[in-house]
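J.: Chain residues, written in single-letter form:
Protein chains: 2
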Amino acid sequence: MVPFGISLSGPAYGQQRGKGCSPALWKVKGLQEGELLPTRAGDRQGDGRKEVKKGFPGWEGVLRAVEMNRKHFCISEGWAMFRVQMDGRYSEQLEARIAVTGSNLCVGLDPRIEKHGNEIGEVERFLEKVVEETVDKVACYKPNSAYFEAMGPEGLAMLKRVIGRIPDDVPVILDAKRSDIGETQRRYAQACFEFFEADAVTINPFMGYDSLEPFLGYEGKGIYLLAVTSNPGSADLQRRESGGRKIFEFVGEFAERALAEQRAVDVGLVVGLTNAAEEVLAGLPDSPLLIPGLGAQGGDLSSLAGSVRSAPNVVNVSRGVLYGDEGTPGARANHYAMEISRAFRGAC
Amino acid sequence: MVPFGISLSGPAYGQQRGKGCSPALWKVKGLQEGELLPTRAGDRQGDGRKEVKKGFPGWEGVLRAVEMNRKHFCISEGWAMFRVQMDGRYSEQLEARIAVTGSNLCVGLDPRIEKHGNEIGEVERFLEKVVEETVDKVACYKPNSAYFEAMGPEGLAMLKRVIGRIPDDVPVILDAKRSDIGETQRRYAQACFEFFEADAVTINPFMGYDSLEPFLGYEGKGIYLLAVTSNPGSADLQRRESGGRKIFEFVGEFAERALAEQRAVDVGLVVGLTNAAEEVLAGLPDSPLLIPGLGAQGGDLSSLAGSVRSAPNVVNVSRGVLYGDEGTPGARANHYAMEISRAFRGAC
Numbered sequence: 000m001v002p003f004g005i006s007l008s009g010p011a012y013g014q015q016r017g018k019g020c021s022p023a024l025w026k027v028k029g030l031q032e033g034e035l036l037p038t039r040a041g042d043r044q045g046d047g048r049k050e051v052k053k054g055f056p057g058w059e060g061v062l063r064a065v066e067m068n069r070k071h072f073c074i075s076e077g078w079a080m081f082r083v084q085m086d087g088r089y090s091e092q093l094e095a096r097i098a099v100t101g102s103n104l105c106v107g108l109d110p111r112i113e114k115h116g117n118e119i120g121e122v123e124r125f126l127e128k129v130v131e132e133t134v135d136k137v138a139c140y141k142p143n144s145a146y147f148e149a150m151g152p153e154g155l156a157m158l159k160r161v162i163g164r165i166p167d168d169v170p171v172i173l174d175a176k177r178s179d180i181g182e183t184q185r186r187y188a189q190a191c192f193e194f195f196e197a198d199a200v201t202i203n204p205f206m207g208y209d210s211l212e213p214f215l216g217y218e219g220k221g222i223y224l225l226a227v228t229s230n231p232g233s234a235d236l237q238r239r240e241s242g243g244r245k246i247f248e249f250v251g252e253f254a255e256r257a258l259a260e261q262r263a264v265d266v267g268l269v270v271g272l273t274n275a276a277e278e279v280l281a282g283l284p285d286s287p288l289l290i291p292g293l294g295a296q297g298g299d300l301s302s303l304a305g306s307v308r309s310a311p312n313v314v315n316v317s318r319g320v321l322y323g324d325e326g327t328p329g330a331r332a333n334h335y336a337m338e339i340s341r342a343f344r345g346a347c
Numbered sequence: 000m001v002p003f004g005i006s007l008s009g010p011a012y013g014q015q016r017g018k019g020c021s022p023a024l025w026k027v028k029g030l031q032e033g034e035l036l037p038t039r040a041g042d043r044q045g046d047g048r049k050e051v052k053k054g055f056p057g058w059e060g061v062l063r064a065v066e067m068n069r070k071h072f073c074i075s076e077g078w079a080m081f082r083v084q085m086d087g088r089y090s091e092q093l094e095a096r097i098a099v100t101g102s103n104l105c106v107g108l109d110p111r112i113e114k115h116g117n118e119i120g121e122v123e124r125f126l127e128k129v130v131e132e133t134v135d136k137v138a139c140y141k142p143n144s145a146y147f148e149a150m151g152p153e154g155l156a157m158l159k160r161v162i163g164r165i166p167d168d169v170p171v172i173l174d175a176k177r178s179d180i181g182e183t184q185r186r187y188a189q190a191c192f193e194f195f196e197a198d199a200v201t202i203n204p205f206m207g208y209d210s211l212e213p214f215l216g217y218e219g220k221g222i223y224l225l226a227v228t229s230n231p232g233s234a235d236l237q238r239r240e241s242g243g244r245k246i247f248e249f250v251g252e253f254a255e256r257a258l259a260e261q262r263a264v265d266v267g268l269v270v271g272l273t274n275a276a277e278e279v280l281a282g283l284p285d286s287p288l289l290i291p292g293l294g295a296q297g298g299d300l301s302s303l304a305g306s307v308r309s310a311p312n313v314v315n316v317s318r319g320v321l322y323g324d325e326g327t328p329g330a331r332a333n334h335y336a337m338e339i340s341r342a343f344r345g346a347c
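These protein sequence lines are chains A and B, in that order.
Anchor point for the first sequence: position 110 equals 109 in numbering that gives the first Met the number 0, and the numbering is continuous, going up by one each time.
Anchor point for the second sequence: position 82 equals 81 in numbering that gives the first Met the number 0, and the numbering is continuous, going up by one each time.
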């Protein structure tokens, strides 16, 4: 199996999307002409496998690029849509997506039903519009389960449809902050990864490393553990010292341990921008970070500038994109994506 | 407003339930003949208020009892159903319920759909039967959200129906272990208390005291904070030492702080039986405890014997009642209720 590759979609979808596609570098391992590339389950292209052949329109440029360099090739702009092959690890998918879009912005889908006439249908149309306007400017989306749960089961059915409409190459992080143990936790993993088909999920690690177990076996998926959240109350437990170390550093160890144990899932960390001081980041491993707190919560990106990290990190904005005062969600996403890029270029 | 009283239901419902009702002591504050007692929102009896009058069948005995003692009276067995007035604080409701049933058993409603032909309808019938068989032997029920979420939105719609069918005087603890901050956490509170109409909910306190804020204003409701869970991994963070105290003791302080601040909600604690050593209980305030870990998890009730506590505590059994090897759910609930009573009599 090719652990990481590309797949092609038909002309209609490609034409629609092709215009906005920028040339981008991709990692490719051992790609051969004529080889069958497995694609992601739920792929719209039939049996989930695509034959790699030179005759396919738009493909020639890619193969030439592959021949130029076995490790990387360049996707040239064209009518055909090139999508990230979703069989890689979660962090590889996210990294590829950040490379394609040049954006580290995660847009939080936290819809407030009272702003939409208390109508679930209106919320759905709003989110569809937000995704349509912002999709080329974001690394990923992060719907927060709470807003949908408060709408009752119909809200959750709507969440599933919203996730289903997000293109397969855009990772979806379900912000659920779940925690439980054993068989119960396994049901949460089922709900997040199998029912909602999220690519990653946030987890509250307070119950300990063994509580993560049911999530660790999911290939190609990610989990983000709460390490230091963006509220003042994160000082109450997370930032407390224990034996010369901080509690959140032990959470960081959970991520390192899963990596050392070669678990199928990738383990990232949630670090609130408002509390992401240099010494906080210094105490955490180079795992993918999910960084909330920009925008309405007032976090300052300069705090990231001193940190040199290689894992794919994303900064989340929810209210600032969905319900900002000026412009459209698309314009606001663009603004935040550029602001984050400037800060990350300073850092990396 | 009478902070704690009783209400009456119609004959049909009373006849169905009356047979199993045992005489029990109730606390009554300032109850007067002819007084209008506010009843719980969602009450099936119309406008949510019942007039107290001697002419109502079955009422005479109660009034006589009230006259005997202004603080307590005895409900005699009869065709009319006497229900706890749900306007008191959560801990008062739970205490009254424990007094009525003589049981500190909490039955965990954790249905495994694969044991019911993977049919949500079958799960619903099973839970209905479990509640019917066990209701007179339990202090409360604790459905765990994970099992219902794994069934998708229809599973959650079913959970709402199941909760709706549990008599109003039996507290329902929604085991959701939610955690978030601000507006997001407020949506979780809405989902738990307003959509599902749970009487109490479990919360993961890792994000700090301020994260609890949206739950603290709900009158007559309860929250249980995870303090020491029943898994070995509870040692990873919860039982770590910080400045001469344990992390779970700081969680205990959250409960004390809410009490000191006279918040509307009652704050209890989750303490896993397997880890409820004497020194653990000694480090926690006298808040209502929710104690999982009996039955399949193999916890030992003798660990509770040395602890003298006055708050209403309940011990949860899920699998042991729902899917035990011997007898019916009713017989198994009876067995566990008696086992817990023996242990608690030793303790209190």
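In case anyone wonders, no lab produced these hints; they're calculated from the structure.
Treat each hint with caution, since some may be false.
Under the rule of at most 27 Å between Cα atoms (straight-line distance), these lysine-lysine pairs were calculated in the BS3-like manner [said to hold, decoys possible]:
1. A/Lys159 to A/Lys128
2. A/Lys159 to A/Lys114
3. B/Lys128 to A/Lys159
4. B/Lys114 to A/Lys159
5. B/Lys128 to B/Lys159
6. B/Lys114 to B/Lys128
7. A/Lys114 to B/Lys159
8. A/Lys245 to B/Lys245
9. B/Lys114 to B/Lys159
10. A/Lys128 to A/Lys114
J.: Each of the hints needs a verdict: does it hold here or not?
T.: Results of checking the hints against the structure:
1. Between lysine 159 of chain A and lysine 128 of chain A the CA atoms are separated by roughly 16 Å; this keeps the pair inside 27 Å, and the hint holds.
2. The suggested pairing of lysine 159 of chain A with lysine 114 of chain A holds, with an alpha-carbon distance near 21 Å, which does not exceed 27 Å.
3. At most 27 Å may separate the alpha-carbon atoms for a hinted pair to count; lysine 128 of chain B and lysine 159 of chain A exceed this at roughly 31 Å.
4. This hinted pair checks out: lysine 114 of chain B and lysine 159 of chain A have alpha carbons roughly 26 Å apart, not beyond 27 Å.
5. Taking the CA atoms of lysine 128 of chain B and lysine 159 of chain B, the gap is near 16 Å; set against the 27 Å cutoff, the hint holds.
6. Distance hint between lysine 114 of chain B and lysine 128 of chain B is fulfilled; the C-alpha atoms sit about 15 Å from each other, no more than 27 Å.
7. This hinted pair checks out: lysine 114 of chain A and lysine 159 of chain B have alpha carbons roughly 26 Å apart, not beyond 27 Å.
8. Taking the CA atoms of lysine 245 of chain A and lysine 245 of chain B, the gap is near 14 Å; set against the 27 Å cutoff, the hint holds.
9. As the CA atoms of lysine 114 of chain B and lysine 159 of chain B are separated by approximately 21 Å, the hinted pair is consistent with the 27 Å bound.
10. Simply put, lysine 128 of chain A and lysine 114 of chain A have alpha-carbon atoms about 15 Å apart, close enough for the 27 Å limit, and the pair holds.
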